[in-house]
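Asker: Now for the letters of each chain:
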Amino acid sequence: MKGTESMDSNTLAGNAVKLAEEIQSVSLKAITLAEEANTLAIKTTEAANEPFIFLVTIFVLAVFIGYYVVWSVTPALHSPLMAITNAISSVIIVGALISAGPLEWNLAKIFGLIAVVLASINIFGGFIVTQRMLQMFRQKR
Amino acid sequence: MSASFSAFLYLLSSVCFIMALRGLSSPKTSRMGNIYGISGMVIAVLTTVALPGVISFGTIIIGVLIGGAIGTLIALRIEMTALPQLVAAFHSLVGLAAVFVAGAAFYSPEAYGIGVIGNIKVGSLIEMSIGTAIGAITFTGSIIAFGKLQGLVSGKPLVYPGQHLVNLSLGVLLAVAIIWLCIAQTQSAFWAIVLISLLLGVLIIVPIGGADMPVVVSMLNSYSGWAAAGIGFTLENPLLIIIGALVGSSGAILSYIMCKGMNRSFINVILGGFGGETAGTVDNAGDQAVKQGAAADAAFIMEQASSVIIVPGYGMAVAQAQHSLAEMANFLGERGVNVRYAIHPVAGRMPGHMNVLLAEANVPYENVLELDEINHDFASNEVVFVIGANDTVNPSAKTEKSSAIYGMPVLNVEESGTVLVVKRSMASGYAGVDNPLFFLDNTMMLFGDAKKMCEDIVKALKGTH
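Going down the list, the protein sequences come from chains A and B. Taking the numbering used here, the leading residue of the first sequence gets -3, the next gets one more, and so forth. Taking the numbering used here, the leading residue of the second sequence gets 18, the next gets one more, and so forth.
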């Protein structure tokens, strides 16, 4: 009886070791899985924060706003509409100012300054011409 | 200023620009709209100048002052009849500015946080290429449009064999140059994109005829917006993207309205070569007789009428006749004649061209009606006074299936009791199509310069009382 008992305890011990090993490998797998899930999750949030997608969203929504706002412009004011859209598209001056901003002179700064001058012509010219046109539209006295 | 705060101010600026366009829904709110536009621009510029990287204030102020002075001077001096070419010239500046900003971003990418020289993000390079290409096309395209409108370049469409093939090849070449830039990131690739696009801009506009300019000017307006949006993507600046999208869609809608006014597809206009202002005089002029009258006859007919509808066209702008015309209309108004104006969508050389000229001559805008608003009134109207318009009042657009302008919406002037047509000669209109209106029994032709004719009619009206 003693012999069988000792054998049983031996097999038990062996089984226990095997089990322990299995648990270890499973837990290792779980860790790798968790790590993978983690990287996946990070990638997903990265995609959502990707500036391009964010900017495309803004772009598409702005096109829709433009579409509805411009259809409501009265045809009589289509010339002032062209003049004012011309003036406001010169908001490109924002990009020009950034490259004209640093103190040291290089090609980028010169390009920026030229763009500042060109956009300024448009901004002043566009808004003034729009104002001149709009002032002429009057009602019956 | 923190980054979030400047982002907030840019948002405020965008809202101002949207309100500016919204204001144009009626002449009453339009002046407020312009103030919104100016405020939006001031906010955008000040916010940018307050950014930490922008410190070279002296040179910036000088740049703004130089540009501002030139712009102000031009805008204050320009004649209203020269408005279409002014707008075309302004479009070219936006295009060129876009090219320079893209160049600045290419040579100094770290200033915009998109990489370092020789190692710019591929996404940014693609956006930069698109912004540069559209900007350069807008630049040269607008210069050609300006030349045609100003009369420096012939208004005739310039067509040559293999035209579309040449443009297509250039388009393919442009795509190759963009791929080259993305892979090699060399200066040569960048300038190749600029040069190809500049050439493409010339070749796209050259084949388009003078009277199709309303579409071209609207299209270039749209392009200048898309160029700004392209640069906005490169610089990752939401303000530029929003404004670019607004302006781009605005120009696209105007192009669509103009194309519809001519019953032609956008593609058809862009491919160009339509009509030609040299197209021969009416062939059957010898067979059919026109009734001819003098200023005194016209004065008598209009004075006796209870209602007169005036239909102005590009000829009125060319002759600068708007003031004399308005004076004539005032005289008639004082005699108890109900005078109104009917404007065809494509009358003139830019959208809304006639409305501005009439406004300049102090015509109240309530008296100026669009085609849809007034076209049913011609049947119950007594006298129509057509001045410098031709294709837009051609009844064959409704009946002659073979006509080049068949299907184009036209003003139903022939339904009125008497039609007076002021015209310099019997030459056909832009489309080179005969106009049967001139030979109708109820039409009287008044040959002469539009301005002189109006002045003579005013004299005749004065003489009768």
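Check each hint, because a few of them may be wrong.
Heads up, simulated DSSO-like pairs for lysine-lysine below, C-alpha to C-alpha not over 27 Å straight-line [unchecked claim]: (1) B:K308 <-> B:K138; (2) B:K479 <-> A:K136; (3) B:K45 <-> B:K308; (4) A:K136 <-> B:K308; (5) A:K136 <-> B:K45; (6) B:K468 <-> A:K136.
Stretch by stretch, here's where chain B covers chain A in the computed footprint (C-beta under 8 Å, at least three residues) [said to hold, decoys possible]: (7) 60 to 67; (8) 117 to 125.
Examples of chain B residues lying across from chain A (beta carbon under 8 Å, computed) [as the list claims (entries may be wrong)]: (9) L63; (10) A67; (11) G70; (12) V71; (13) A128; (14) M367; (15) G369; (16) N372; (17) V373; (18) F464.
Please keep in mind that the hints were generated in silico from the structure rather than gathered at the bench. C-beta atoms are modelled at their ideal positions from N, C-alpha and C, and glycine is treated no differently.
Asker: All the hints need checking, so say for each whether the structure fits it.
Answerer: How the hints compare with the structure:
no.: 1; hint: B:K308 <-> B:K138; verdict: violated, 71 Å
no.: 2; hint: B:K479 <-> A:K136; verdict: holds, 23 Å
no.: 3; hint: B:K45 <-> B:K308; verdict: violated, 43 Å
no.: 4; hint: A:K136 <-> B:K308; verdict: violated, 36 Å
no.: 5; hint: A:K136 <-> B:K45; verdict: holds, 12 Å
no.: 6; hint: B:K468 <-> A:K136; verdict: holds, 24 Å
no.: 7; hint: 60 to 67; verdict: holds (count 6)
no.: 8; hint: 117 to 125; verdict: holds (count 9)
no.: 9; hint: L63; verdict: violated, 10 Å
no.: 10; hint: A67; verdict: violated, 10 Å
no.: 11; hint: G70; verdict: holds, 5 Å
no.: 12; hint: V71; verdict: holds, 3 Å
no.: 13; hint: A128; verdict: holds, 6 Å
no.: 14; hint: M367; verdict: holds, 6 Å
no.: 15; hint: G369; verdict: holds, 3 Å
no.: 16; hint: N372; verdict: holds, 4 Å
no.: 17; hint: V373; verdict: holds, 5 Å
no.: 18; hint: F464; verdict: violated, 30 Å
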